[in-house]
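Q: Okay, here's what each chain looks like letter by letter:
2 protein chains.
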Amino acid sequence: MKRLTCNLALAALLLPGAAVAASDAPADVAWDFVAWDFVAGLTSEVGQRLAGSEAEARGRVWAAEKLKALGFKGVVIEPASTRAYVRGTDMAKLVSPVPQLLAVTALGFSGATPEAGIEADVVYFASLADLKAVPAGSLAGKIVFLDHAMKAAQDGGGYGPYGQARREGPAVASTKGAAAIVIRSIGTDSHRNPHTGGTTFPAGIAPIPAGAISNPDADMLVWLVGKGKALRLSLTLTGKTAESLPTGNLIGDLPGRNPALPPILLACHLDSWDLGTGAVDDGAGCAIITAAALKAQSGRQTLRTIRVLMAGAEEISAAGGAAYAKAHPERHALAMESDSGADRVWRAELKFAPANAALADKVAAALAPLGIPRGKGSVEGGADIGPVIAAQKLAVIDLNQDMTRYFDLHHTPDDTLDKIDRAALAQNVDAWAAVLGVVANAAEDIAAVE
Amino acid sequence: MKRLTCNLALAALLLPGAAVAASDAPADVAWDFVAWDFVAGLTSEVGQRLAGSEAEARGRVWAAEKLKALGFKGVVIEPASTRAYVRGTDMAKLVSPVPQLLAVTALGFSGATPEAGIEADVVYFASLADLKAVPAGSLAGKIVFLDHAMKAAQDGGGYGPYGQARREGPAVASTKGAAAIVIRSIGTDSHRNPHTGGTTFPAGIAPIPAGAISNPDADMLVWLVGKGKALRLSLTLTGKTAESLPTGNLIGDLPGRNPALPPILLACHLDSWDLGTGAVDDGAGCAIITAAALKAQSGRQTLRTIRVLMAGAEEISAAGGAAYAKAHPERHALAMESDSGADRVWRAELKFAPANAALADKVAAALAPLGIPRGKGSVEGGADIGPVIAAQKLAVIDLNQDMTRYFDLHHTPDDTLDKIDRAALAQNVDAWAAVLGVVANAAEDIAAVE
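Protein chains in written order, with my numbering: chain A, 1 to 450; chain B, 1001 to 1450.
In short, the hints are calculated from the structure, not lab data.
Being a predicted model, the structure only gives us computed values, none of them experimental.
Some hints here could point you the wrong way.
[Said to hold, decoys possible] DSS-like cross-link-like pairs, simulated, lysine-lysine; straight-line CA separation at most 25 Å:
1) K68(A) / K1351(B)
2) K93(A) / K1240(B)
3) K240(A) / K142(A)
4) K326(A) / K351(A)
5) K1326(B) / K1393(B)
6) K1068(B) / K229(A)
7) K68(A) / K1227(B)
8) K351(A) / K362(A)
9) K93(A) / K1093(B)
10) K240(A) / K1093(B)
11) K1229(B) / K227(A)
12) K376(A) / K351(A)
13) K142(A) / K227(A)
14) K326(A) / K73(A)
15) K1229(B) / K1240(B)
16) K1351(B) / K1376(B)
[Stated by the list, open to error] From the structure, some residues in chain B lie toward chain A, with a derived Cβ separation under 8 Å:
17) A1040
18) S1044
19) E1045
20) V1046
21) A1103
22) S1190
23) R1192
24) N1193
25) D1219
26) L1224
27) W1346
[Stated by the list, open to error] Counterexamples of contact, computed for chain A against chain B with all Cβ distances above 10 Å:
28) E45
29) G74
30) K132
31) G204
32) P354
33) A364
34) G377
Every residue gets a Cβ at the ideal spot worked out from N, C-alpha and C, and that includes glycine.
Generate the whole structure from the sequences, applying the supplied hints.
A: What follows is the structure, encoded as C-alpha cells:
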C-alpha cells in the first residue's frame, strides 16, 4: 500500500542505521512505525493539548489530516463544548522555617489567589481521612498540606483511593475553612515534576486555591514537620475556570465489507494536560488504536467497520465521550479504549453477553499466543466510551496495560515522547490488532450486555 | 558516645519499624545514619545553597553547628569572596512552527535579556565543532540551538568533552554574532529538568544570554528540525553576574594523637546550584567525609588529625579551594575529595611519592575486602583540593564513585534527597573510613609528590 511505503520511508529517516527498505520490511515493523510516527508527530508538531484551548483544536486538525493521509474515511470533527481550566501563574514558596521554592502546579478548577499570592501558616494532614476528621471551620486562614501514601502497581490500583486526595481534598479543606490547599502529587515518581489533574468543588462549596507539589518537595516538608518545625507558605495560583470553551471529537472509519453491521468502536482522547506534551496520556492511545485498526485491515478488509474516536476534553470534564454518545445513537457492536499509557498489555478483561461466549473465547484464543491471559475481573471501559456503553449496553474489551510506570508520568511536565518504549508500543498494536482480527470479522450478532 | 546515641534515636524516628536501639546497633549502621542525617538535614533545613547567596551562608552556619555537635574541634568559617551569578527569570518558548513552553535554565554568567525577553530565528548545530566552523559574524541576530550527544558512563567521562558545549559554546556563539544561545542540557537523563552550570566568556567576548533546555525539549526541537521546520524562539533570561559576593570555607578537625603531624585533608563543597537542593552535588560528599572521619576515630583516636574542609563557591568559581590553599600554607599530609554524588565507590586511584609505595599498598589492601580495586589511571583530586595539592605537591587518593546516574541529576531541579541510595551512601562511608584507618594512622612521613 502506498501509505505504508510512505511511512516506511519516514521511519528510515527517523532511525539512522535502520536501513529498512520498504519492499522487504516485515509488516510488524511497519505498524509499529505508524504508531510511533503518530505519537512523535502529535507531541512534537502540536505539543500540549489542554482541553478547551487553541492547542487542543490544532491537535484535532493535525490528527484529522493524519487519519485522512492514512486512508481513514468519513473523517470528521464534531464540535462540542467543555467546562475548562485556563492556567495562570503557578508559584509556591516555603517562607519558613527556611525559604525554598517548591515545584507546584494548580489543579484543574482550582480557585484563584490574587496575583500577588497569599501567605499563611500550614497545617499538615497525613491522609484525607485525617483532614475529614477535623471540625468544620477549624482551619480558618490556614493552608492545608495534604499527604498520602500512593504506591506504584501493575494495575494502577492506587489511583482510585489515593487520587481522592486530589479529587475530594480541596473541597473538604474548603469546608474546614482553609484558605488554600497543596497536596502531595498523586504520583509514584521521585522527580521535581508536580502532577496536575482535575478537582471538584460541589455546588455550595467555595473553590479555594488548590495545588500539587512534587514528591521530593513533599518529602522535604514532611521532614521539617517531623522535626517539629512550623511551616509557612506563599502560594500563587492565578488560573481561572472557564464555564464553556470549544472542544470536539475526531472520528474516522475504516469501512468494513458489510457497512450495515454495527461497527467496532476504538477510542482514545486527543486532549492532554498542559504541563507535558501528552505522550503517554493519551497520544500513545490514539497512536495504538490508529495503527492497530490499519493493521487489522492490512491483509483483507474486515467484515465490520472499525471506527476510531479521538475524544476531546477527557481530562477536565469527559465532555467528549458524553457528546459522542449523544450524537451517535446508532447501534455499535463493541467498544474498546486505550488510555493507560504505552507499556505492555498484560491482561485482557472481556465483557460479552452470554450469547457471545464463543466469540469471547475466540478473542481470548487470539491473545494467548501473545502471552496475554484473560482476567477474571470486571471491565472498566473508560471516560470516552463510558457514555455510549451505558446508553447501548455495549460489549467491552479492556486490554490492560502495565501501569507500574504510568503514575510516574501522569499529568506531569515529564509526559513526553522519550518515555515511550517502542517495543512496548509495538506489543500494544499487536494485541489490539489480534483482537480486531476476531471482533471486526465476527459475523454473529454482538449482543447488548444486560 | 552521646552524640552517637542522639543520632540513633533520630534515625529510629526516621525509619518507622526499624526499631534500632542505641545500645545494640551495629556500628556500621550508625555511621550510615550520621551521613544520612547530615545530607537530609542540609537539604531539608537549608535547601539550595547558591554560591554567594544568603542560603550558602546559612548552609555554612548549619554545617558548623552540625560539626560541633558531632564533636569536631576548631570549627571555623573562613570568609572569602566569589564572582557569582544571581538568577532572574528564566523562560523559553518556541514561537513557531508551534507554540510550546520549554523547560529552560540560565547558565551561570549568562548575559541578560531585557525583562521582556528577545525573539529570534533559530540556527541548529549538531555539535560544538559545527558551531565553530561557521564564519565570525555569520549568526547575527540569531539564537543558536547547540546539540550534543553525551552518554552516561561509569566514570562520568562524557562530561569533559560534551560539557564543552556549555563551557565554551556560548562564547563561540557570541563570536559568530549570535543574539543568544540555548544548548541541550549537559546531562544523560530524559526528564523535563534542565541542567544549569557555569559558562565562560573570556575577556573581549561579549556575554550573550545563554540557557540550557531539558533533553525532552531538545528532542522535540530536533524532531522539528528533522522535518525541515524553521524554528523561532522567545527567550527571557534576566539573571545577572555579580563581581564579588561573600562566600566562605568551613573547617573542622578531629585531632590526632600527635597533632604535630601534618593532617589528612578531606574535602567537599557546601555550595550547590540553586535549582535542586544539592543532595548529590555535593551534600552527599560532605555527609560522607563527616561520617567517615568520625568512624575512623570511633575505635581509637587516629595518630594524625583528620581535617574536614567544606568549601564554598565550588560551582561557580572554585573560589573556596583557592582561598583555602592561600590561607593554609602549613604542611598537609594527603588530600581527598568527595564530589561525584552518592553512588558506590568502584575504584581507587592513588598518587603517592615512590618513598610511600608501601603505604599505598596498605591503602589498596584495606580496600580489597570491600571489592574496590586499585586503578592504574591518574588522580583527579577536585576543585576544592586542587590548589592546595598544587601548592604542596600533596599525595592524593581518589575514591571513584559510579557516575552512571550522576549526570541524570547534576545541576538540575531533581538533585534532591530522594535520589540518594542509603546502601550506596553507607558503602562510601565504609570505603573512606577504611582508607582513613591506614593513612590517618601512618607514622611514616607522607612525602610530597614531585
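Q: Look at each hint and say if it fits the structure.
A: The hints, checked one at a time:
1. Between K68(A) and K1351(B), the direct Cα distance comes to roughly 68 Å. Violation of the 25 Å bound is thereby established for this hinted pair.
2. For the hint linking K93(A) to K1240(B), the alpha-carbon distance of about 22 Å falls within 25 Å, and the restraint holds.
3. Distance hint between K240(A) and K142(A) is fulfilled; the C-alpha atoms sit about 21 Å from each other, no more than 25 Å.
4. Between K326(A) and K351(A) the alpha-carbon distance is near 23 Å, which keeps this suggested pair within the 25 Å criterion.
5. As the CA atoms of K1326(B) and K1393(B) are separated by approximately 14 Å, the hinted pair is consistent with the 25 Å bound.
6. Straight-line distance between C-alpha atoms of K1068(B) and K229(A) comes to about 22 Å, which keeps the hinted pair within the 25 Å bound.
7. Restraint check for K68(A) and K1227(B): satisfied, since their Cα atoms lie roughly 20 Å apart, inside the 25 Å limit.
8. About 13 Å separates the Cα atoms of K351(A) and K362(A), which keeps this hinted pair within 25 Å; it holds.
9. Taken as a hint, the K93(A) and K1093(B) pair is honoured in the structure, with Cα atoms around 24 Å apart against an allowance of 25 Å.
10. Between K240(A) and K1093(B), the direct Cα distance comes to roughly 22 Å. Compliance with the 25 Å bound is thereby established for this hinted pair.
11. Of the pairs offered as hints, the one joining K1229(B) and K227(A) is violated, with about 53 Å between alpha carbons and a cut-off of 25 Å exceeded.
12. Of the pairs offered as hints, the one joining K376(A) and K351(A) holds, with about 10 Å between alpha carbons and a cut-off of 25 Å not exceeded.
13. The hinted pair formed by K142(A) and K227(A) meets the criterion: a straight-line CA distance of about 20 Å does not exceed 25 Å.
14. Pair hint K326(A) plus K73(A) holds up; C-alpha atoms about 21 Å apart against a cutoff of 25 Å.
15. Annotation: proposed proximity of K1229(B) to K1240(B) is violated, straight-line Cα distance about 33 Å (limit 25 Å).
16. For the given pair, K1351(B) sits about 10 Å from K1376(B) by alpha-carbon distance, which is consistent with the 25 Å threshold.
17. For A1040(B), the shortest C-beta to C-beta distance to chain A is roughly 6 Å, which falls under 8 Å, so the interface hint holds.
18. With its C-beta approaching chain A no nearer than about 4 Å, S1044(B) sits inside the 8 Å limit, and its interface hint holds.
19. Interface restraint check for E1045(B): the shortest CB-CB distance to chain A comes to about 6 Å, inside 8 Å, so the restraint holds.
20. Look at V1046(B): its Cβ gets to within about 6 Å of chain A, closer than 8 Å, so that hint holds up.
21. A hinted interface residue such as A1103(B) counts as satisfied when its beta carbon comes closer than 8 Å to some beta carbon of chain A; here the least separation is about 6 Å, so the hint holds.
22. Hint status for S1190(B): holds, given a least beta-carbon distance of 4 Å to chain A, under 8 Å.
23. Taking 8 Å as the C-beta cut-off, the interface hint given for R1192(B) holds, the closest approach to chain A being about 4 Å.
24. Because the smallest distance between the Cβ of N1193(B) and any Cβ of chain A comes to about 6 Å, under 8 Å, the interface hint for this residue holds.
25. With a cut of 8 Å, the hint placing D1219(B) at the interface with chain A holds, because the nearest CB-to-CB distance is about 6 Å.
26. Contact between L1224(B) and chain A, as hinted, is supported at the beta carbon level, the nearest pair being about 6 Å apart and thus within 8 Å.
27. Here the hint on W1346(B) is broken, as its CB sits about 24 Å from the closest CB of chain A, past 8 Å.
28. The beta carbon of E45(A) is not kept farther than 10 Å from every beta carbon of chain B, the shortest such distance being approximately 6 Å.
29. Non-interface call for G74(A) relative to chain B: holds, since the shortest CB-CB distance, roughly 27 Å, exceeds 10 Å.
30. For K132(A), the shortest C-beta to C-beta distance to chain B comes to about 23 Å, beyond the 10 Å cut-off, and the non-interface label holds.
31. Listed as a non-interface residue, G204(A) keeps its Cβ farther than 10 Å from every Cβ of chain B; the least gap is roughly 36 Å.
32. No beta-carbon of chain B is positioned within 10 Å of the beta-carbon of P354(A); the least distance is around 48 Å.
33. No beta-carbon of chain B comes within 10 Å of the beta-carbon of A364(A); the shortest separation is about 36 Å.
34. In this structure G377(A) is separated from chain B by more than 10 Å, as the shortest Cβ-Cβ distance comes to about 32 Å.
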